[in-house]
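Student: Here is how the chains run, residue by residue.
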Amino acid sequence: MAVCKMNTVLHTPNSMSSISTPTKAQMGFNQNHVFLYTTSGKKTNTCKFRSGVITCSGETIVIGLAADSGCGKSTFMRRLTSVFGGAASPPKGGNPDSNTLISDTTTVICLDDYHSLDRTGRKQKGVTALDPRANDFDLMYEQVKALKDGKAVEKPIYNHVSGLLDPPELIIPPKILVIEGLHPMYDERVRDLLDFSIYLDISNEVKFAWKIQRDMAERGHSLETIKASIEARKPDFDAYIDPQKQYADAVIEVLPTQLIPDDNEGKVLRVKLIMKEGVQYFNPVYLFDEGSTISWIPCGRKLTCSYPGIKFAYGPDAYFSHEVSVLEMDGQFDRLDELVYVESHLSNISTKFFGEITQQMLKHADFPGSNNGTGLFQTIVGLKIRDLFEQITTNKVSAPFEAAKA
Amino acid sequence: LRPVMAAPEGLSEKIAESIEHAKEACAEDPASGECVASWDEVEELSAASSHARDRKKEEDPLETYCKDNPETDECRTYED
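Protein chains in written order, with the numbering used here: chain Y, 1 to 406; chain V, 1 to 80.
To be clear, the hints were calculated from the coordinates, so they are not data collected in a lab.
Treat the hints loosely; a few may be bogus.
Stated by the list, open to error - The list that follows gives simulated cross-link-like pairs (lysine-lysine, BS3-like), each with its CA atoms no further than 27 Å apart:
| # | chain 1 | residue 1 | chain 2 | residue 2 |
| --- | --- | --- | --- | --- |
| 1 | V | K67 | Y | K92 |
| 2 | V | K57 | Y | K92 |
| 3 | Y | K207 | V | K67 |
| 4 | Y | K92 | V | K56 |
| 5 | V | K67 | Y | K234 |
| 6 | V | K23 | Y | K125 |
| 7 | V | K23 | Y | K363 |
| 8 | Y | K227 | V | K67 |
| 9 | Y | K363 | V | K14 |
| 10 | V | K67 | Y | K267 |
| 11 | Y | K207 | V | K14 |
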């Protein structure tokens with residue numbers, strides 16, 4: 001587990017031990033790694049180096065996050081790592097184009113690193129990155145399994161700038177491993193390794209609006225090219241990515257607002273948090289009364305809202321024939337007091353003190369989505385994951401780990 | 001071994017180039033694998049470029065300076 005902080009290359013030694021070892025690298029590259037590791041004060045688990053393999057005792061919790069490219073995965077990841085405290089940064093001294101983010105407790109790996117075909121290879125075969133044929137699920141399974149079992153791995157790096165597969169980097173098992181990308185729940189073996197899974201479901205209208213914001217200033221891009229790119233990728237997206245949402249424990253659905261008629265700017269959003277019932281260590285959030293169906297407009301005598309206001313909804317529902325609880329927020333916040341007011345009416349939010357959600361949101365007021373349901377629900381899911389992690393770590397001795405996936 | 005720094009500067013040329021290529025590839029057959037893969041490349045490059053821009057935006061001029069010169073008057077901070 002994440003007691004090990006690793007630096008791949010020559011960094012001024014300031015930690016307790018440093019070992020230099022030639023590691024056997026995959027993909028035909030030979031590299032020398034100098035890595036340093038420290039053990040935290042708590043000593044809940046320790047890492048050992050034996051016969052070329054680093055193993056850490058204790059279990060790693062694996063979280064899967066699925067979403068299409070350009071749908072806010074990185075913002076979500078920054079919110080999630082912030083809940084656990086400490087900033088996430090790329091591995092120090094390694095490949096500058098590494099997709100990995102490491103913080104004290106959390107390591108986030110990007111599943112694009114498991115592309116079996118590089119950019120040229122995909123073009124020759126005429127397949128997209130969304131296509132399972134462009135991905136090596138065997139390696140993905142083996143390495144995620146190894147990390148979960150406390151073994152360090154040499155993970156390849158897919159370089160998004162050059163489109164090539166770079167030499168691998170060393171990943172040491174963290175306390176919490178997040179695998180984010182297009183296919184975390186596609187392969188059954190990988191799916192079974194996940195302790196919790198999240199799917200970010202962005203509706204076509206919103207996806208289009210977001211990509212316009214992202215790309216319009218880019219040279220060569222126009223409304224037509226953005227549309228063409230979304231449409232070309234859509235068949236593969238519908239065939240391989242979208243079906244994964246049925247396996248997710250939580251789905252964050254982002255839709256156009258219903259408060260403004262015919263709105264297509266994508267600035268005001270209706271966001272749904274769909275939470276699966278009966279998942280061990282995960283108690284869905286509720287509004288006022290668990291299991292009832294409620295529609296709530298917080299604006300009134302106690303709260304002034306500007307146009308178009310805020311509307312909440314909560315209730316039980318069915319999602320891919322699973323029983324779920326759905327919390328919905330339409331509209332956006334203008335001021336902080338609105339959020340504290342809303343937070344005080346939500347239950348089961350797994351906060352440690354009153355106002356923690358508001359505090360987390362304030363910390364990252366500059367992130368996209370901080371004034372609407374995307375930021376709110378991402379923060380809630382972050383707190384839920386912290387709760388799940390704490391429950392699993394305390395129950396680890398008594399309960400078998402596999403039981404975490406109900 | 002490989003270039004030391006990523007060059008986001010070269011990315012916008014690459015994007016413009018790949019858009020041109022995608023348009024050509026789709027002119028022949030809009031449903032072909034080549035056409036679809038070309039637009040996927042455009043998406044990948046656009047995402048990489050947007051991530052690079054975000055990273056740059058986050059850099060505060062004073063903080064960047066203070067990382068290299070923590071002893072200067074502008075940068076000294078004491079815990080107590």
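Student: Indicate, hint by hint, whether the structure satisfies it.
Tutor: Hints and how they fare:
Distance hint between K67 of chain V and K92 of chain Y is fulfilled; the C-alpha atoms sit about 15 Å from each other, no more than 27 Å. Proposed proximity of K57 of chain V and K92 of chain Y is supported: the alpha carbons are some 21 Å apart, at most 27 Å. Straight-line distance between C-alpha atoms of K207 of chain Y and K67 of chain V comes to about 37 Å, which puts the hinted pair past the 27 Å bound. At roughly 18 Å between alpha-carbon atoms, K92 of chain Y and K56 of chain V fall within 27 Å of each other, so this suggested pair holds.
Taking the CA atoms of K67 of chain V and K234 of chain Y, the gap is near 44 Å; set against the 27 Å cutoff, the hint is violated. The hinted pair formed by K23 of chain V and K125 of chain Y meets the criterion: a straight-line CA distance of about 18 Å does not exceed 27 Å. Only pairs whose Cα atoms come within 27 Å are accepted, and K23 of chain V paired with K363 of chain Y is rejected, the gap being roughly 43 Å. Proposed proximity of K227 of chain Y and K67 of chain V is contradicted: the alpha carbons are some 42 Å apart, above 27 Å.
As the CA atoms of K363 of chain Y and K14 of chain V are separated by approximately 36 Å, the hinted pair breaks the 27 Å bound. For the hint linking K67 of chain V to K267 of chain Y, the alpha-carbon distance of about 36 Å lies beyond 27 Å, and the restraint is violated. A distance of roughly 23 Å separates the Cα atoms of K207 of chain Y and K14 of chain V; the hinted pair therefore holds under the 27 Å criterion.
Comparing the model with each numbered hint stated earlier shows that hints 3, 5, 7, 8, 9 and 10 do not hold.
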